[in-house]
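Visitor: Residue numbers (our numbering), protein chains in the order written: chain A, 6 to 145; chain B, 62 to 558.
In case anyone wonders, no lab produced these hints; they're calculated from the structure.
Quantities reported herein were computed from a predicted structural model and do not represent experimental measurements.
A portion of the hints provided could be inaccurate.
Here are the simulated DSS-like pairs of lysine-lysine, each with C-alpha atoms no more than 30 Å apart in a straight line [to be verified]:
(1) K66/A x K166/B
(2) K361/B x K224/B
(3) K87/B x K66/A
(4) K63/A x K87/B
(5) K416/B x K166/B
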Amino acid sequence: MKSNDLILQTSTRVVFFIIFLFSIHIFFAGHYTPGGGFVGGLLMASAIVLLLLAYDFKTVKEVLPFNYLGMTAIGMLIALTTAAGSLVFNVPFFTHWYDYFDFPLLGKTSIHTAMFFDIGVYLVVVGITLTIIEMIGGDS
Amino acid sequence: MKLINLVVLPIIVPLFIGTVLLLFRKSLLAQRALGLFGAAATLVVSLFLLAKVAEDGIQVVTLGSWAAPYGISLVSDMLSILLVATASLLTLLVLWYSVYSLGEKRELSFFYPATLFMLTGINGAFTTGDIFNLFVFFEVFLMASYVLIALGGERIQLRESMKYIIVNVVAAALFVITIGYLYSITGTLNMADLAVKLGDIGSMGVISTVAIMFLVVFGIKAGIFPLYFWLPGSYYAPPLPVLALFGALLTKVGIYSITRVYTLIFTTDVAFTHDMLMMLAIATILFGSIGALAYMDVKKIIIYNIVIAVGVILFGVAAFNEVAVTGSVLYLIHDMLVKALLFLMIGVLIFITGKTNLREMGGLIRHYPVLGWTYLVAVFALAGIPPLSGFAGKILILQGGLEGGFVWQSIVVALSTMVVLLSAIRIFIYAFWGAEKSFNSPPKAKYVNRMIPVVILFVITMGYGVFIEFLMPLFQATGTQLMDSSLYIDAVLGGEK
Numbered sequence: 006m007k008s009n010d011l012i013l014q015t016s017t018r019v020v021f022f023i024i025f026l027f028s029i030h031i032f033f034a035g036h037y038t039p040g041g042g043f044v045g046g047l048l049m050a051s052a053i054v055l056l057l058l059a060y061d062f063k064t065v066k067e068v069l070p071f072n073y074l075g076m077t078a079i080g081m082l083i084a085l086t087t088a089a090g091s092l093v094f095n096v097p098f099f100t101h102w103y104d105y106f107d108f109p110l111l112g113k114t115s116i117h118t119a120m121f122f123d124i125g126v127y128l129v130v131v132g133i134t135l136t137i138i139e140m141i142g143g144d145s
Numbered sequence: 062m063k064l065i066n067l068v069v070l071p072i073i074v075p076l077f078i079g080t081v082l083l084l085f086r087k088s089l090l091a092q093r094a095l096g097l098f099g100a101a102a103t104l105v106v107s108l109f110l111l112a113k114v115a116e117d118g119i120q121v122v123t124l125g126s127w128a129a130p131y132g133i134s135l136v137s138d139m140l141s142i143l144l145v146a147t148a149s150l151l152t153l154l155v156l157w158y159s160v161y162s163l164g165e166k167r168e169l170s171f172f173y174p175a176t177l178f179m180l181t182g183i184n185g186a187f188t189t190g191d192i193f194n195l196f197v198f199f200e201v202f203l204m205a206s207y208v209l210i211a212l213g214g215e216r217i218q219l220r221e222s223m224k225y226i227i228v229n230v231v232a233a234a235l236f237v238i239t240i241g242y243l244y245s246i247t248g249t250l251n252m253a254d255l256a257v258k259l260g261d262i263g264s265m266g267v268i269s270t271v272a273i274m275f276l277v278v279f280g281i282k283a284g285i286f287p288l289y290f291w292l293p294g295s296y297y298a299p300p301l302p303v304l305a306l307f308g309a310l311l312t313k314v315g316i317y318s319i320t321r322v323y324t325l326i327f328t329t330d331v332a333f334t335h336d337m338l339m340m341l342a343i344a345t346i347l348f349g350s351i352g353a354l355a356y357m358d359v360k361k362i363i364i365y366n367i368v369i370a371v372g373v374i375l376f377g378v379a380a381f382n383e384v385a386v387t388g389s390v391l392y393l394i395h396d397m398l399v400k401a402l403l404f405l406m407i408g409v410l411i412f413i414t415g416k417t418n419l420r421e422m423g424g425l426i427r428h429y430p431v432l433g434w435t436y437l438v439a440v441f442a443l444a445g446i447p448p449l450s451g452f453a454g455k456i457l458i459l460q461g462g463l464e465g466g467f468v469w470q471s472i473v474v475a476l477s478t479m480v481v482l483l484s485a486i487r488i489f490i491y492a493f494w495g496a497e498k499s500f501n502s503p504p505k506a507k508y509v510n511r512m513i514p515v516v517i518l519f520v521i522t523m524g525y526g527v528f529i530e531f532l533m534p535l536f537q538a539t540g541t542q543l544m545d546s547s548l549y550i551d552a553v554l555g556g557e558k
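Isolated chain A, as found in the complex:
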């Protein structure tokens, strides 16, 4: 059954990390410029799908031994909890907040509550994509 996909496998080893890093870049680019958790998550999911095409589900499961459904749920909880911060501060739901902080190495950087929300979105997108793939293609 196994066809000769040496080229695909070899290039995937490199390309996977490029896509992964790009997805992180896109994720942090979000909010002020185009990007964000959803697009970043989709990129990450597509990188994993590439891994899946080059190898098989068992290998992917070994490389990334997560409970994808749990990952989705945790992502959703992070997003919801961030949004629910507005309940504590008694401002309309989903109201965002940001400030500037000085970090070593990074220098002056803005921290935005939307970023935490986006971390949740990122996890949900990656998790749900992999859950779907696992359910449809996992048992073959």
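For this one, chain A is given, so just place chain B on it according to the hints.
Guide: Coordinates of chain B only, in the frame set by chain A:
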């Protein structure tokens, strides 16, 4: 302290608990306990919100502090919060019933999270003040309902869920297209803003067209004639608790949406749009009646009774005066309660006999008197015999219809009561009277377990009828808010400063 976000809570509480449930998918105890807790917590916050809305008027939150009409508004007026509270209550009781009746395998297949997500979508659809957001919440509860209808994976379920999904995907596409038309005409999606803009434009052919397209979109969901074709088949397939949820809640979201857009947004060409709605409502009643009388299957009879009720409620909306609309809301809440009750009772009945065909049942009254007599009273309530819960709504609907000059239509509505009574009482006559036929006679304890939520819902439904006088101020406020759209508009566009 003034809680700004109270409006949001009935939406995010079930979402939060449902998400947590995804983490404990293997533990039956956690699923049951958290599932019930989620529904109960939603009920509590919606009751708080109900008290708040009754006291202070319409509550609005614009998400993310982006001012309306640019941000998404969540609006809780009387109609919305009454429906939210009722939906939460019914979800709680149906979940309670499911604990005893659904079976472990189904319970562990995402039943509780899916139900809570469905409640999220339903509460969101009732609450949102943005027409595109309404579409989003429609999708949320539809996704969850796809899970619920296919739960268990029996042959009939797979066939019907396929049908259900196709119908709803087509409806969803049409929904987006219709919203696109509306947006291209007005340039806004906020319902209050839409009402203002369309009021300025006045009567225009294209707006009436969009109004009818919305009627089609929501009509598919609500099950009005001739768009209910999918409903009896699809609702027949899932297990009974799911059927009770669908029958009591899902069609009502369609009715709510029609009521909302036909009282708030499309009020400029009433002679055309509302007459159309009136004709369809009457046809819905007629065809629903035929269906209800034609079948000998207990589930089918009650399912066709949903269709009749849809017609009656929309008749009141179409009559479009304060009395009729108030009656419609009263009847809508009544119908949610009593349909859930009847479905659960039918569930117990099917559990006892192991059959769904009336001809194979008989003589149950001697062994199950509580079920028998409560069922009889529930049927009287369904038909609207005073002082039970259907009466107040129906009398107001008829009064409003006659005031509006819809004489023969009102007579049809009144006569439909007879059909409802006849069709549902047949179940009583066949199943409880007559010669005793063989049935499963399951252990008494299981029967009693199932009867507890049923009896609680029975008491609530009866209370809703008998003590309606005390609730009337709430419903009168609802009617006033619906007929005077400036209240809604001011709350959304004027109040935020």
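Visitor: Please go over all the hints and tell whether each is borne out by the structure.
Guide: Each hint tested on the structure:
no.: 1; hint: K66/A x K166/B; verdict: holds (26 Å)
no.: 2; hint: K361/B x K224/B; verdict: holds (17 Å)
no.: 3; hint: K87/B x K66/A; verdict: holds (20 Å)
no.: 4; hint: K63/A x K87/B; verdict: holds (23 Å)
no.: 5; hint: K416/B x K166/B; verdict: holds (22 Å)
Checked against the numbered hints given earlier, the structure satisfies every one of them.
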